[in-house]
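Engineer: Next come the chains, spelled out residue by residue.
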Amino acid sequence: MTLWADIRQKALSDIPSLEVVIWDAIRIAIFFALAQFLIRVGVRITRRMLSLHARMDERRRKTLESLFTNVIRYTVYFVLVVEILSLFHVNVSAILASAGIVGVAVGFGAQSLVKDLISGLFILFEDQYGVGDIVQINGFKGMVISIGIRLTRIQAWTGEVQVIPNGQITSVTNYSRTHSTAVIDVTVPYDVDVDLVKSIMQRVLLRLQEERSDVVTGPVQVLGVQDVSNTNLVIRATAVCAPTKNGEIEREAHERIKEELDRALHENEDAQGTTGGELAVE
Amino acid sequence: MTLWADIRQKALSDIPSLEVVIWDAIRIAIFFALAQFLIRVGVRITRRMLSLHARMDERRRKTLESLFTNVIRYTVYFVLVVEILSLFHVNVSAILASAGIVGVAVGFGAQSLVKDLISGLFILFEDQYGVGDIVQINGFKGMVISIGIRLTRIQAWTGEVQVIPNGQITSVTNYSRTHSTAVIDVTVPYDVDVDLVKSIMQRVLLRLQEERSDVVTGPVQVLGVQDVSNTNLVIRATAVCAPTKNGEIEREAHERIKEELDRALHENEDAQGTTGGELAVE
Amino acid sequence: MTLWADIRQKALSDIPSLEVVIWDAIRIAIFFALAQFLIRVGVRITRRMLSLHARMDERRRKTLESLFTNVIRYTVYFVLVVEILSLFHVNVSAILASAGIVGVAVGFGAQSLVKDLISGLFILFEDQYGVGDIVQINGFKGMVISIGIRLTRIQAWTGEVQVIPNGQITSVTNYSRTHSTAVIDVTVPYDVDVDLVKSIMQRVLLRLQEERSDVVTGPVQVLGVQDVSNTNLVIRATAVCAPTKNGEIEREAHERIKEELDRALHENEDAQGTTGGELAVE
Amino acid sequence: MTLWADIRQKALSDIPSLEVVIWDAIRIAIFFALAQFLIRVGVRITRRMLSLHARMDERRRKTLESLFTNVIRYTVYFVLVVEILSLFHVNVSAILASAGIVGVAVGFGAQSLVKDLISGLFILFEDQYGVGDIVQINGFKGMVISIGIRLTRIQAWTGEVQVIPNGQITSVTNYSRTHSTAVIDVTVPYDVDVDLVKSIMQRVLLRLQEERSDVVTGPVQVLGVQDVSNTNLVIRATAVCAPTKNGEIEREAHERIKEELDRALHENEDAQGTTGGELAVE
Amino acid sequence: MTLWADIRQKALSDIPSLEVVIWDAIRIAIFFALAQFLIRVGVRITRRMLSLHARMDERRRKTLESLFTNVIRYTVYFVLVVEILSLFHVNVSAILASAGIVGVAVGFGAQSLVKDLISGLFILFEDQYGVGDIVQINGFKGMVISIGIRLTRIQAWTGEVQVIPNGQITSVTNYSRTHSTAVIDVTVPYDVDVDLVKSIMQRVLLRLQEERSDVVTGPVQVLGVQDVSNTNLVIRATAVCAPTKNGEIEREAHERIKEELDRALHENEDAQGTTGGELAVE
Amino acid sequence: MTLWADIRQKALSDIPSLEVVIWDAIRIAIFFALAQFLIRVGVRITRRMLSLHARMDERRRKTLESLFTNVIRYTVYFVLVVEILSLFHVNVSAILASAGIVGVAVGFGAQSLVKDLISGLFILFEDQYGVGDIVQINGFKGMVISIGIRLTRIQAWTGEVQVIPNGQITSVTNYSRTHSTAVIDVTVPYDVDVDLVKSIMQRVLLRLQEERSDVVTGPVQVLGVQDVSNTNLVIRATAVCAPTKNGEIEREAHERIKEELDRALHENEDAQGTTGGELAVE
Amino acid sequence: MTLWADIRQKALSDIPSLEVVIWDAIRIAIFFALAQFLIRVGVRITRRMLSLHARMDERRRKTLESLFTNVIRYTVYFVLVVEILSLFHVNVSAILASAGIVGVAVGFGAQSLVKDLISGLFILFEDQYGVGDIVQINGFKGMVISIGIRLTRIQAWTGEVQVIPNGQITSVTNYSRTHSTAVIDVTVPYDVDVDLVKSIMQRVLLRLQEERSDVVTGPVQVLGVQDVSNTNLVIRATAVCAPTKNGEIEREAHERIKEELDRALHENEDAQGTTGGELAVE
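Heads up: the sequence lines are chains A, B, C, D, E, F and G, in that order.
Numbering of the first sequence is given in the UniProt record's numbering, commencing with residue 1 and proceeding in unit increments.
Numbering of the second sequence is given in the UniProt record's numbering, commencing with residue 1 and proceeding in unit increments.
Numbering of the third sequence is given in the UniProt record's numbering, commencing with residue 1 and proceeding in unit increments.
Numbering of the fourth sequence is given in the UniProt record's numbering, commencing with residue 1 and proceeding in unit increments.
Numbering of the fifth sequence is given in the UniProt record's numbering, commencing with residue 1 and proceeding in unit increments.
Numbering of the sixth sequence is given in the UniProt record's numbering, commencing with residue 1 and proceeding in unit increments.
Numbering of the seventh sequence is given in the UniProt record's numbering, commencing with residue 1 and proceeding in unit increments.
It is worth saying that the hints were derived from the structure and are not from the lab.
The beta carbon of each residue, even a glycine, is placed where N, CA and C say it ideally should be.
Be aware that a few hints might be false.
[Stated by the list, open to error] If you anchor each label on the Cβ, the simulated ranges turn out as follows:
1. F:Ser229 to G:Val131: 32 to 40 angstroms
2. B:Arg61 to G:Phe140: 53 to 61 angstroms
3. A:Leu34 to C:Ile84: 50 to 58 angstroms
4. G:Ile45 to E:Leu18: 23 to 31 angstroms
5. A:Glu126 to F:Trp4: 47 to 55 angstroms
6. G:Asp191 to F:Val234: 23 to 31 angstroms
7. E:Asp227 to G:Glu211: 40 to 48 angstroms
[Claimed, not checked] Below are the EDC-like pairs computed for lysine to aspartate or glutamate, each with C-alpha atoms no more than 16 angstroms apart in a straight line:
8. C:Lys258 to C:Glu210
9. C:Lys258 to E:Asp227
10. E:Lys258 to G:Asp227
11. F:Lys198 to G:Glu252
12. F:Lys258 to D:Asp195
13. E:Lys198 to E:Asp185
14. A:Lys258 to B:Asp193
15. C:Lys258 to E:Asp191
16. B:Lys198 to A:Glu252
17. C:Lys198 to B:Glu255
18. C:Lys198 to C:Glu259
19. B:Lys258 to C:Asp195
20. B:Lys258 to C:Asp191
21. G:Lys245 to G:Glu211
22. G:Lys198 to G:Glu260
23. B:Lys245 to B:Asp214
24. F:Lys258 to F:Asp185
25. F:Lys198 to F:Glu260
Here chain A stands alone, though its shape is the one from the complex (with noise of 0.2 angstroms):
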């Protein structure tokens, strides 16, 4: 019997009174409607903060709202939940210590989904590249479809889509910046009269110039000779064009200028007809 007694003792003395119960749950409550308001007051901020950025597009904004929503929440919860875990006097750094193990292991392996992220906040807020822009990324190029908080997403223009950690992310080469620049090489027989291939190329490319000003913004330029090999010459000439038409335009200047060099070498030179098709324009 005595045995009993102790035990109901020892059970009865671990045990709370009612009234120690009934206040606690108050605080828990008073807790949790100041957790509540703080998060409300701190989305608040956030959202006004993010709304002064004037020049940021709406998709950006509202993932960054979202994120800092989220890391506010649980935040407020975290520090919420160890208030109240200490009210009952639940040693949590105890645990907390005892769990340093798989901590440590934790937070390392964690670290390169952190420096996504923080890479993440600078991308959206420095505008390194927008979606739309055409860019090169740890050598895949292509169009910038989608930029998140941990990844950006670029499309090939064979179709194909990277998606790339934005932490991996260590330099970029932006192609949608200012202007890019068309630059025609074009190769002929070392014999070939080169004031003459220099003035056919001006000629096609301010056509071009003129044809194309949507196109071609900036001025052209014929260099002269780049390159002398033992058998031929390379000249070169450039044109300043929109963002990523070099391309374009680098094509359409090839074809015209084979076009008249071929006419303007058949008719000064009917007779050399086994070199007529050395010309090459690259």
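Assemble chains B, C, D, E, F and G onto chain A, guided by the hints.
Structural biologist: Structure of chains B, C, D, E, F and G alone, referenced to chain A:
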């Protein structure tokens, strides 16, 4: 005699009384019940939250459910063990602290494991690629045959299976998203009429588009002279196809254009039999 | 005299009384018994859990059983030693803390060892590859001859053995899973009739499929013109084979197609003996 | 009733008295005022110290001023928050310690960000390169168009913009410092008279130096035979130019030397028309 | 005077009494004796456990014995020093803690040393390779001439010695395990009779197998046509040899097959003297 | 009223009395004076110790003096601030501990900066290279134009300047130490008399050694046939020159040997005009 | 007045009494004497232990002695400073702890320095290479000209000096150990008699072995046909030479074998003058 009495007394003072033993047993039982309850609640919440993710297929849901269930179960068990041990005044934290040296090594050694799991979580949630997609990961191209929490399995078209830990996947090229582009480069001798070749290519590709409208999903386009070397011209055309079908269309287009070109050139220039073989379609 | 009395008194106060010594001895004995008991229980549980893994072969089970048994044994021994040392008031944690500098170095130096063991565990459990599989790991291709908890051994077909720590295995190509594909590329001169070559390839491969139905387990297919260079055409066919048997079938197909093609071409074009040697089967 | 009385009493003992509340409010106000004062003083000192750096241009000064101002502001705010929280007996350090696991991951993930900022500080202070300089960083050559605290932007001559985090910049090649050197290699057939070629090169370069004295800022020099292959000689000359102008001078020199050489060789060796085309200027 | 009295009194209170000094001396002596005893016991246990490893050769045993003996000795000495220092109330841990900054650096700097030692232990225990084996480690192939606890030494067949820290050894190719395979590729002109070549190769290799049965330990096999290029056929045969003897057998087989082929071809096709030299054995 | 009295009383108890304020001010003043004194002493000692390093030039001494002076100054200031803050009972360590998360990130991010400074110290002290030396660092070859505590600047012979952080310098090739060796490889047709060529090379190099004894500081040596290809022989000679002068001597030797060889061969073999041009000096 | 009295009293209570000052001075003096004594003892022990290492040359011994002496000296000084500071109640550990952020950065930044020193210690002790040895380290081959505790200096045969931090030396190839092997590959036309060539090579090498018995220290061996290409045979012979002398012997053997082969072939096949030049010795 006194010696043994002393020893007995010392031993007795170390042995707990019966009521303490019983009360501790009751407490442990309560702890176990509580642990079971917490695990069930946790599992149920996990299941409900995952079922809200509409887009997720059945297999992914099961993988994630099993993962979260295990995390919850082992966390609760760990806390349970720590609490029981401290009930018996075992100095858990001292032992763990003593094991610190091992802990650091394990923590570091396990970090790539943790990284695999975290990456796996994101792959399962973010829809970077799905089972059946054709992807290229770390230079290995093939069809995804399974996505696990730690590993992704890819099968090349020649049959071998690549097993890649999720943490090693830094960037993914997905060929099964929107479309693919067949690039048809035709190499002709320098003196062939460019417009003739372009019109033949246009005709062949349009017919191909008609006949294979299930595969050629987008426009076909003859871009023009892509490259001019000393003895050859390269003329390029493109066709937008269904994802991963570009290889098939390129092969078919090569074969048809070759036939058409041979016929056309043999009609026009029957006397030029020696150069008739210089066409190349790549 | 007083000096020696003082010293003797000081010494005596440091020497434990006999009952303490005996009681400590009894306690140590109990500790040892407890440790033995815990180890046996742990080992038995391990054995039962491993025997539930139906798919695991005998060797793997033994490797894992021995590993877990050792982990349990040394953990229990470590706790035992710590408890006994604190029985004698040896300041274990102080010594360990003093050894912290060594500890950091050892912890870091040992992390690749731990990584090997963790990776080994996963390889043994996850069935990434088994003994006898043909795999390629880190650019070395061969047959797996043993999978250990720290090392995997692979033997190349030329006989040398590669020893790879499991932690270094980042991605594995397994050639022994479902099937392999023999790729037969036949190079013919530009002016050979494509349809003739395709029909010969089709015929040869179908016969091969019949005769070697144990090896050619799937369909054979003539894909068509794969590549068109200036002077040659490349025509590709494929055959689905049993795992790792593609090399054999490719060799046999090459030999047979060569024979058939030679015969067919010599019949049709007896006068074209000079170009008869330009066929190539790769 | 006693229950509620107990609860009320417990609640009251937790609620602070009015005078404490008012006095805390006053203290917080004083803290705020102090914080504002400290920030202003810090900002003023920063501004004065930066204005002592005479060589720094306006843009750099603003970037650094804004950075230091923010660092001062947020540091003061952080201390303010910690002080206020400890005024309310919130256990800040406990919460922060509990957040240690997250802390490690964030710390590691953020280290490349910190590295970027530190590198940015040094680039802004040390004058490694300035806006407008032609530099090569990590294999990308172009003109610096902006230097920020975290990013450097470079524009290639073809128009694309490279964005490089400052922390990734390990070594910089700056082409806009003192001078550049045009290297003119002339390839002539083996049997051409070396001295003749050297004298022509000397003459052409001296004339070029005269006419373009704004660009050719240093001496020109004919170094002699650089390379002797089986059929050719390579003769090298150099000209010291203004920074980044070497390409222009090389192109001009090539063109002029080619003309002169052709004329000279045709005069001397009218009969050797077949080898007249073997000159090469690279 | 009082000043000096004060100083003297202060000094005296710091100087220990004689009995304490003597008792401390006795204690230190006991500590030393205990340390010696522990070292001897440890060394004896190590020796006995190593002698159980039957397969280990004498040199390895000595290396390991010396290593473990040193580890035991210096550990015991370290504990001894710590105990003696705390006898004199020297605050060891304070000094060590103050040295923490140096400690981190040393710990990090020494980690590759520790890695070398751990790897060395495993190499000595696991029989990855032995002295006299032909191995390839990190791209350097040669004969192992010594395996130490920190370094492995390999001598190339040309005489130079490579010294590799054990921690740098990530994967080892061992050529001295079971067998090697001689691969004999014979290149013949396209129009040579394949069956003739195959029968000659078969005959030569069988004779070689007979004559050199000490080296050719396994079957010889003529695999068939390995490769078909435009003008050549490559026919492959293999022979299983003793470890590392494949080079010798390949050289001998090349020489013999060349002779046989020359003779056979000259008999059959005496008129084709111009192509007789086109055989190649690689 | 009592409320305000309470508040006033509470506020007063927090405000220090006048004598404490004055005494604290005096103490701060003393601290400042002490700090100034310590800094001056430290700077003087540094200066004296550096002046003992005889070989160090003026610029290096100034760089190091400025570095050490700053380190001493900021260390003393830091201790001063900590002492003053603890005078006011500000809990410095608490704030710093709270800032731990930032601290880890900053510590990691700054480590490459620290590495640069430490490496810079060693480069300045150890005389690895000096201003004016021709060195190759990380694949960039040029003349050292400045050695700083964080950066080394190298100028290539073509004028561009490379800025390298000292921490990135892992190994340095210094061309300005003892001597350089000119390697003269002469390629002659297979059937030319080797001894003739060797004697000509010997004669030319000896004459060169005489005439340019300021540059050719060591022996010249004709090593003999270096390489024998199917159609050519390569004969090698070497000449020991002053540091970095080997290029000049190689160029001069090439030119002279070419002349001599042409003359010698034309005399002997006037009829072999067709092969006369096949000599090559590399 | 009371104010100043208060201040004076406060100040006085902080100023130590004279006897304390004197006694502290005496204690510091004793500490200094003790430190000097400990340093001398440590240095003497170091010297004696190093002198036991018989094989170590004078320079190495001095380097190590100076290193250990410095380590001992600065350790003792550090403890001395800590003890004196704590004599004055300066809170050393607090300052050091506050400096923790700097500490982490310095610790990390300095780790490569520590690694250099540890590696240097092992290189000096383990005899991996000595001054005068020809070694290849990290792809740079040359003669070791100095081995320091932090740096190794290597001079290439062309004169430039490579400075390598010891920590960067991961594996060393030492060419100066036992022997080197000259590999002589002779390329002859396909139709030359193999046995004739082999006998000539045998004869030439045996004579060379006789004449240069100081350099050719081991056997010479004609291995046989190494490689058979379409038009050439490669026959290989080897000769074991003194360390690093293989280049010399290879050059000499090439020259002699060429002469002998030319003579032999011209005798046998006087009519085959056109193919006489196709021999190649590599």
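Engineer: Could you run down the list of hints and mark each one as holding or not?
Structural biologist: Comparing the hints with the structure gives:
1. F:Ser229 to G:Val131: 32 to 40 angstroms: Check passed, 38 angstroms falls within 32 to 40 angstroms.
2. B:Arg61 to G:Phe140: 53 to 61 angstroms: holds, 58 angstroms
3. A:Leu34 to C:Ile84: 50 to 58 angstroms: holds, 51 angstroms
4. G:Ile45 to E:Leu18: 23 to 31 angstroms: About 30 angstroms separates the Cβ atoms of Ile45 of chain G and Leu18 of chain E, which means 23 to 31 angstroms holds.
5. A:Glu126 to F:Trp4: 47 to 55 angstroms: Holds, at about 53 angstroms.
6. G:Asp191 to F:Val234: 23 to 31 angstroms: holds, 26 angstroms
7. E:Asp227 to G:Glu211: 40 to 48 angstroms: holds, 46 angstroms
8. C:Lys258 to C:Glu210: violated, 19 angstroms
9. C:Lys258 to E:Asp227: holds, 11 angstroms
10. E:Lys258 to G:Asp227: At roughly 11 angstroms apart (the allowed maximum being 16 angstroms), Asp227 of chain G and Lys258 of chain E satisfy the hint.
11. F:Lys198 to G:Glu252: holds, 14 angstroms
12. F:Lys258 to D:Asp195: Holds, at roughly 13 angstroms.
13. E:Lys198 to E:Asp185: Status holds; Cα separation ~11 angstroms.
14. A:Lys258 to B:Asp193: Holds - the C-alpha atoms of Asp193 of chain B and Lys258 of chain A are around 12 angstroms apart, at most 16 angstroms.
15. C:Lys258 to E:Asp191: holds, 11 angstroms
16. B:Lys198 to A:Glu252: holds, 14 angstroms
17. C:Lys198 to B:Glu255: Given that 16 angstroms is the threshold and the Cα spacing comes to 12 angstroms, the pair holds.
18. C:Lys198 to C:Glu259: Answer holds: Lys198 of chain C to Glu259 of chain C is near 14 angstroms, not above 16 angstroms.
19. B:Lys258 to C:Asp195: The hint holds at about 13 angstroms.
20. B:Lys258 to C:Asp191: holds, 11 angstroms
21. G:Lys245 to G:Glu211: holds, 15 angstroms
22. G:Lys198 to G:Glu260: Status holds; Cα separation ~12 angstroms.
23. B:Lys245 to B:Asp214: holds, 10 angstroms
24. F:Lys258 to F:Asp185: Since the Cα atoms of Lys258 of chain F and Asp185 of chain F sit roughly 11 angstroms apart, the hinted pair holds (cutoff 16 angstroms).
25. F:Lys198 to F:Glu260: holds, 12 angstroms
In summary, the one numbered hint that this structure violates is 8.
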